[in-house]
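Top line first, the protein sequences correspond to chains F and R.
Going letter by letter, the first sequence gives residues 1 to 222 in full-length UniProt numbering.
Going letter by letter, the second sequence gives residues 1 to 343 in full-length UniProt numbering.
It should be emphasised that the hints constitute simulated quantities derived from the structure, not laboratory data.
Among these hints, one or two may not hold up.
[Stated by the list, open to error] Computed far set for chain F versus chain R, every beta-carbon distance over 12 Å:
#1 Y129
#2 L130
#3 L175
#4 L217
[Said to hold, decoys possible] Quick look at which bits of chain F chain R covers, simulated, 3 or more residues with Cβ under 8 Å:
#5 72-82
#6 112-123
#7 151-160
#8 190-196
Glycine residues also receive a C-beta, built at the ideal position from the N, C-alpha and C atoms.
Below are the chains, spelled out letter by letter.
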Amino acid sequence: MVTSCYSGNAADYLDSSPVLLLESALVGMDRLAVQRIHADSGLSPLSFCEQVIAPTLSVIGEKWDRGELSLSHVYMSGRLCEEFMEEVLGGRSAAAQERRRVALAVLEDYHLLGKRLVGFVLKGAGIPYLDYGTVDVHELVRRVQRDGVRILLISALMLPSALKVREVRDALDQLGLECRIVVGGAPFRLDPALHREVGADLSCDTASQVLSALARLREGES
Amino acid sequence: MTSMERILTTASHREPDRVPLLLLPTLHGARELGLTIEHYFSKAEHVVKGQLRMLERYGHDCVCGYFHVALEAEAWGGCTIFREDGPPNAGPPPLTAEAIASLQPPRIADQPGLRRVLEAQGALRRAVGDAVPVLGAVISPFSLPVLQLGFEGYLDLMFDRPELMQRLMEVNSAFCLEWANAQVAAGAHAISYVDPLASSLLVDPALYRRFGNPVAKKVIAAIAAPTAVHLASGPCLALLEDLIDTGTGMVGVGEEDLATVKEACRGRITVVGNLNGIRMRSWDEAATLAAVKGAIDAAASGGGFILSDQHGEIPWQVPETTLTVLADAVREYGRYPLTGGRG
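The task is simple: from the sequences and hints, build the whole structure.
Put into C-alpha cells, the structure is as follows:
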C-alpha cells in the first residue's frame with residue numbers, strides 16, 4: 001500500500017492556504033469559490049493545478065480514507081476540478097512529471113466510479129493516460145503490448161475482478177513486457193495482502209494515492 | 001432451541017442457547033450440486049436443493065432465499081453477466097436521467113427472474129417450516145440507482161437534479177415495497193434491506209438524511225416482516241441513530257470495531273456481522289477460530305448479536321472446509337452463558 005505524496009492532514013496547511021480554501025469550496029460544492037480562489041492565488045492555471053488542485057484532492061482523499069468524508073465528496077470534488085480545468089485550460093494539459101506511458105482500466109466490470117476518481121487525480125496533476133474503460137484480460141494485455149504501456153492502473157470493485165489481476169500479471173510476464181501494475185478498490189482495501197497475491201506492484205487505498213504510487217515506481221522504491 | 005427461536009431470542013436482546021449464525025453462501029450451492037453458477041440460478045429447484053444441502057452440512061441458522069443483485073437490475077431493463085468464479089454482475093446501467101420523469105416501477109409478476117426467487121422461497125419455506133428462518137432481500141430505493149444509472153450517473157443526479165432524484169425515490173420505493181412483500185407472501189420470514197449507499201463511506205450523511213432515510217422509514221414500516229438494514233461491508237457507526245430511526249430491528253456491520261458497535265447498539269438494535277469475507281478466503285483453521293472467537297468476545301454478551309459476514313455473501317473462493325470450521329466453532333465457542341465473563 002502507498003500513502004499520499006501530499007500531506008493528507010489539513011492541519012499542515014495555514015488557514016488562508018489556497019489548499020484549505022479550495023477543500024472547503026469543493027466539499028461545499030461552491031463552483032464560484034473555486035474560480036475566486038484561483039483568481040486570488042495569483043497563480044497561472046497550470047501552476048494552480050499543480051500547487052493547489054492536486055494537493056487539495058489528496059487532502060480530500062485522505063480524509064475519505066480516515067472516514068471524515070464520503071466518496072460522494074471525493075467524486076464531486078474531482079468533478080468540479082475537472083470542470084474548472086476544462087474551462088481554464090481547454091485542451092491543454094497541466095505540467096506533467098510523468099514521462100512513461102500510463103493506462104487506466106477496469107477488469108470485466110461495469111462499476112466505473114473508481115476509474116473516474118483516479119482519472120480526476122491524474123488530470124489534476126497533468127498526467128496523460130490511456131483510458132481503456134472496461135476490458136477483459138486478453139484485451140487489456142493486447143492493448144498494453146500495443147501501446148507500450150509501462151504503468152497499468154487497475155480499478156476493481158468485485159473480488160473476482162481483483163483476482164483477475166493475477167492473469168494480467170502472468171500474461172504480461174510471459175510476453176516479457178516490463179509493465180508495473182498498481183491496483184485499487186474495495187477488495188484491496190479489505191484485504192491489504194491481496195495485491196501481492198495477485199502480483200500487483202502497489203495498491204492504493206484512495207484514488208489520490210496514485211500520484212504517490214507513480215512517484216515510488218519512478219524512484220524504483222517499490 | 002430451533003434456529004428461529006435462537007434468532008428471535010437474541011433479537012429480543014436476551015441470550016439464547018448459543019450465538020446464532022447467519023451463514024450466507026449464496027453461490028456455494030452451485031458447487032454442492034456440481035453446476036455452473038449460471039445454471040444454478042436458472043432454476044428455483046437448484047437453489048432450494050443447494051440451500052438445503054448446505055443447511056444440513058453446516059447446521060447454521062437460516063436458508064438464503066435471495067439469488068443475486070443483478071436480478072433487480074434485470075427488472076429495470078438491465079442484464080446479468082455471469083462468471084464462473086463469483087456473483088453474477090449487473091451489466092451496463094439500463095436507465096438515463098431523462099427516463100425518470102415518466103418511469104414506472106416494473107411489475108414483479110412480469111419478471112421471470114424475480115418469480116424464480118419467489119418460487120424458491122416458497123419451496124424453502126415448505127421445507128423448513130418455521131424452524132429455520134427463510135431470508136429474503138431487497139435493494140433499497142436509495143441504493144438501487146447505482147444499478148439503474150451507474151454510480152457516477154446517480155451522484156450527478158443527486159447533486160444536479162434533486163427533483164428527479166425525489167421522483168426516482170418514489171418510483172423505487174413502490175417497486176421495493178412490492179418486491180419485499182411479494183417475498184414475504186411467498187415464504188420469507190425476514191427481509192434484508194440492502195442499503196450500501198446509506199454508509200457514510202459512500203454518501204454524504206446529509207444526502208442520506210435528505211433522500212435515503214425518509215424512504216427507508218416509509219418502506220421498512222410497510223414491509224410485512226422483520227427487517228435488517230445491511231450496508232454490504234460499509235461501516236454503520238456514523239449513521240447508527242439514523243438506521244435505528246428507520247424502525248429496523250437489525251443492522252449489518254462492516255469493517256469496523258465490533259465491540260464499539262455492539263456497545264452503541266446494546267438493547268436497541270441487533271448487531272449482525274462482521275467476519276471479513278475477503279480475508280476468509282485464505283484463513284486456515286487457526287485463523288478461522290480466532291475470527292469467530294474474536295467476534296463472539298466482542299459482541300455476544302447479553303444477546304442482540306448474530307454472527308455473519310460483513311457483506312451478506314460469502315465469496316465463492318472461500319473453501320467449504322473453512323465454512324465447516326466456522327460453523328463448528330460457533331457451536332463450540334458460542335454457547336451461552338459465555339465462559340470467563342467474555343463480552
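Contradicted hints - numbers only
none
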